[in-house]
Each structure stands twice: as C-alpha cells, then as structure tokens.
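From the two separate chains plus the hints, produce the assembled complex.
Chain order of the listed sequences is A and B. Per my numbering: the first sequence = residues 475 to 587. Per my numbering: the second sequence = residues 809 to 921.
Quick caveat, the hints were computed from the structure, so don't treat them as lab data. The reader is advised that the hints may include incorrect statements.
[Stated by the list, open to error] DSS-like cross-link-like pairs, simulated, lysine-lysine; straight-line CA separation at most 30 Å: (1) Lys542(A) / Lys523(A); (2) Lys817(B) / Lys879(B); (3) Lys865(B) / Lys817(B); (4) Lys523(A) / Lys817(B); (5) Lys574(A) / Lys891(B); (6) Lys879(B) / Lys523(A); (7) Lys865(B) / Lys822(B); (8) Lys822(B) / Lys891(B); (9) Lys879(B) / Lys574(A); (10) Lys817(B) / Lys535(A).
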Amino acid sequence: AQSVTQPDIHITVSEGASLELRCNYSYGATPYLFWYVQSPGQGLQLLLKYFSGDTLVQGIKGFEAEFKRSQSSFNLRKPSVHWSDAAEYFCAVAPGGFQKLVFGTGTRLLVSP
Amino acid sequence: DGGITQSPKYLFRKEGQNVTLSCEQNLNHDAMYWYRQDPGQGLRLIYYSQIVNDFQKGDIAEGYSVSREKKESFPLTVTSAQKNPTAFYLCASSTQSSSYEQYFGPGTRLTVT
Chain A
475 AQSVTQPDIH ITVSEGASLE LRCNYSYGAT PYLFWYVQSP GQGLQLLLKY
525 FSGDTLVQGI KGFEAEFKRS QSSFNLRKPS VHWSDAAEYF CAVAPGGFQK
575 LVFGTGTRLL VSP
Chain B
809 DGGITQSPKY LFRKEGQNVT LSCEQNLNHD AMYWYRQDPG QGLRLIYYSQ
859 IVNDFQKGDI AEGYSVSREK KESFPLTVTS AQKNPTAFYL CASSTQSSSY
909 EQYFGPGTRL TVT
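Same shape as in the complex, but just chain B (with noise of 0.2 Å):
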C-alpha cells in the first residue's frame, strides 16, 4: 500500500532537547510538506521540499530544521529554540504537476515539558 507514514504517533520530551519527527513516503511524490496544528488555528505551513537537497521556509519555520537527503524521506527537527513546540505534527507529500493534492500522514503528537 502506498501512503505516508509518520513515526511515532507519541512523542515526549524534556524542554531544551531537539527532537526529530520522521516521514517518509512511498508514493515516488517529489515534494513533501511540514505542517503544524494547533487547536483553533487549522495548519500552518513549517517547511516544504520541492525536490532531493532543496527545502524552503514556509510560515513559522523559526526553532524547525528539515534535511531532504532523500526522495522518500522528510525529517522534521524541533529545536530548542522553539518557543512552543508542544503541537500536532502533520506530514504531507504531492507531485510536482499536482502540488496543490497533498496527501497526508497520519501525524505525530508531541508534547514537551
């Protein structure tokens, strides 16, 4: 089956420590997407990849790093520097012609303390 996956579904962690969120994705699409959720607020874009070793900021890309070293793969790092990073962590992958049909993985939850 072709889709999105996440991992893991729950994260914790202590503040002050980086954190990485992985996706990956077997649906051979070039561009992936980081999105964050908060209640109330719907989806706001992190950072997206239109190809291998090319990534952009998107709207609240501040205490976020990625790394595009693979077609397949797309992972998020929270860093310390942000602020408030207790949310809901959504992946998402397109093709380069259909770039506004995102498919979405099933996300992960992280909470820091």
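Next comes chain A alone, as it looks inside the complex (with noise of 0.2 Å):
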C-alpha cells in the first residue's frame, strides 16, 4: 500500500536558521508529491507541488522542496525561518488514479526566538 512518512513530530528551530522537513514515500512509481502547511485550528494551504520535470521545485512563502528519486524522498526546505513559519506541515502523495491524497502524519515546527 502507498504510505507516505514524516519522521519528526516535532522540530524546533531558532528564527533566522535553516530548516528541512523530511518526507519519503513508499510507492511503485513516481507519484505526484506535495506539501501543505497548516495553521492551528485553520485548514491547509498548498506550498508547492512536484509532478515531474525539474527535481527542485519552488513554492510560496520562500519554500523549496527537492524529489529524489533514488531516496524515496521529498523534503522541504527553507534557508531562513520567520516566526511566522510556526506551523504543522503535511506531505501528500497522490499514487495514482483520480483524486486520492494520502498524507503525512504531519511535522510541528516550532520557531524559537
């Protein structure tokens, strides 16, 4: 079965440092790889998404997130954190077929002054 994990419940990280939020994928082929963040008690926002082509992709609020194939992987990245970052984030896959994202338990950044 596809499954998608996000190893850190929590990360903490001081405001100004650099930050990588892991995710890996269990899946036959190349599926289309996403991330959401969300604010509490909000819904989620899509940061930026990876369906093919160049590995490293670009989101909004300053995100990047790079697939690599060879790892499973898809983790996203910022070079520099701003209080307002304070979030949880998602990874989500969709495997195949019409519509089914399946999620990431979730990562909770925390931003240290």
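Here you go:
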C-alpha cells in the first residue's frame, strides 16, 4: 500500500536558521508529491507540488522542496525561518487514479526567538 | 472572494445524536472531499464526490454519510454509528483536471460528549 512517512513529529528551529522537513514515500512509480501547511485551527494551504521535470521545486513563502528518486524522498527546505512559519506541515502523495491524496502524519514546526 | 466555507467552526453534540457539517464552495469546482484529522494521524479521507449526485467512500466512511445535490454543497452527516466522532473535519474541493490540487476550508471541530 502507498504510504507517506514524516519521521519528525516536532522540530524546533531558531528564527533565522535554516529548515529541512523530511518526507519519504512508498510507491512503485513516481507519484505526484505535495507539501501543505496548516496554521492552528485552520485548513491546509498548498505550499508546492512536484509532478515531473526539475527535481527542485519552488513554492510560496520562500519554501522549496527537492525530489530524490533514489531515496524516495521529497524534503521541504527554507533557508531562513520566520516566526510566522510556525505551523504544522504535511507531505502528501497522489499515488495514481483520481483525487486520492495520501497524507503523512505531519511535522509540527516550532520557531524559537 | 472565491473559497470554501465550513460552518460552524465549533460544534458540540451529545452522544447518540446525528450531526451535519456544512461545506460550501464558490470556486466552481466539480470535485469535493471530506477529511477527518486526529492528532498524530494526519488526514484521512472519509468521502469524495467527483460530480453532482455521485460520491464514493474513502478510507474511513463507516458511520458517515454525504449527499451532493448541488455542485456548491457537500454536507457530511456524522451518525450515531460513528464510534469516535470527536475530531477536526476538513472539506476540500478541486477541479476535475487538477484533482490533486485541493483547496481546503477552515475546518469544523466536532466534540461529542
């Protein structure tokens, strides 16, 4: 079965420091890959997506992600974190067929002053 | 402004009562979805609808029901058969051609006591 693993439940980063959130997927072919962000008590917002082509994708709010086929990974990065980036981040996979996104369990990002 | 509206934001019910969560979108999207979010479990798909008057079960449909009589609306009923209904419920929508790019509402937090 397709699955998405986000190994870090919580991550704390100092404001201004760099960030990397990990995401690994299990799927036979290359799926479509996504990162979403959720502020407390809110819905999810799409940060970026990868369908094909250039393996480094740029998203909103200064985020980027790199697809590595050999590692089945799609890690999210940001060079300098701002306090407003504190939120929960979800990696998602569209394994094929219509609509069905499979979400990871999320990583909660805390930003310290 | 186009978007997805979920109401109410907080909902309280007694055990044994059915409750209906509202989801409305004015994005002219054909497809709509309901997810359930529990701490540490990510999002799980309850039901989805590709088109008016048609819907399919997701991964955790037991104890839930939906209808899709209008393109704009996709209400979710949490029945008394749902054994653990307290959760955060998220509605989403997408176009048919970009079904993976889902737009989320702000969510409804349901508490059943």
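Holds or violated: lysine 879(B) with lysine 523(A), Cα cutoff 30 Å? holds (26 Å)
Given the proposed pairing of lysine 879(B) with lysine 574(A), does the C-alpha separation stay at or below 30 Å? holds (19 Å)
Starting from lysine 523(A), check that the Cα of lysine 817(B) is at most 30 Å away, please. holds (28 Å)
Hinted pair, alpha-carbon criterion (30 Å max): lysine 542(A), lysine 523(A). Please report holds or violated. holds (14 Å)
Within a Cα-Cα threshold of 30 Å, do lysine 817(B) and lysine 535(A) meet the stated pairing? holds (26 Å)
Sort out whether lysine 891(B) lies within 30 Å of lysine 574(A), counting only the CA atoms. Distance of about 24 Å is within 30 Å: holds.
For the pair we were handed, lysine 865(B) and lysine 817(B), check the Cα-Cα distance against 30 Å. holds (24 Å)
Holds or violated: are the alpha carbons of lysine 865(B) and lysine 822(B) at most 30 Å from each other? holds (26 Å)
Taken at face value, is the distance from the CA of lysine 891(B) to the CA of lysine 822(B) at most 30 Å? holds (13 Å)
Straight-line Cα separation of lysine 817(B) and lysine 879(B) no greater than 30 Å? holds (22 Å)
The earlier numbered hints are all upheld by this structure, with none contradicted.
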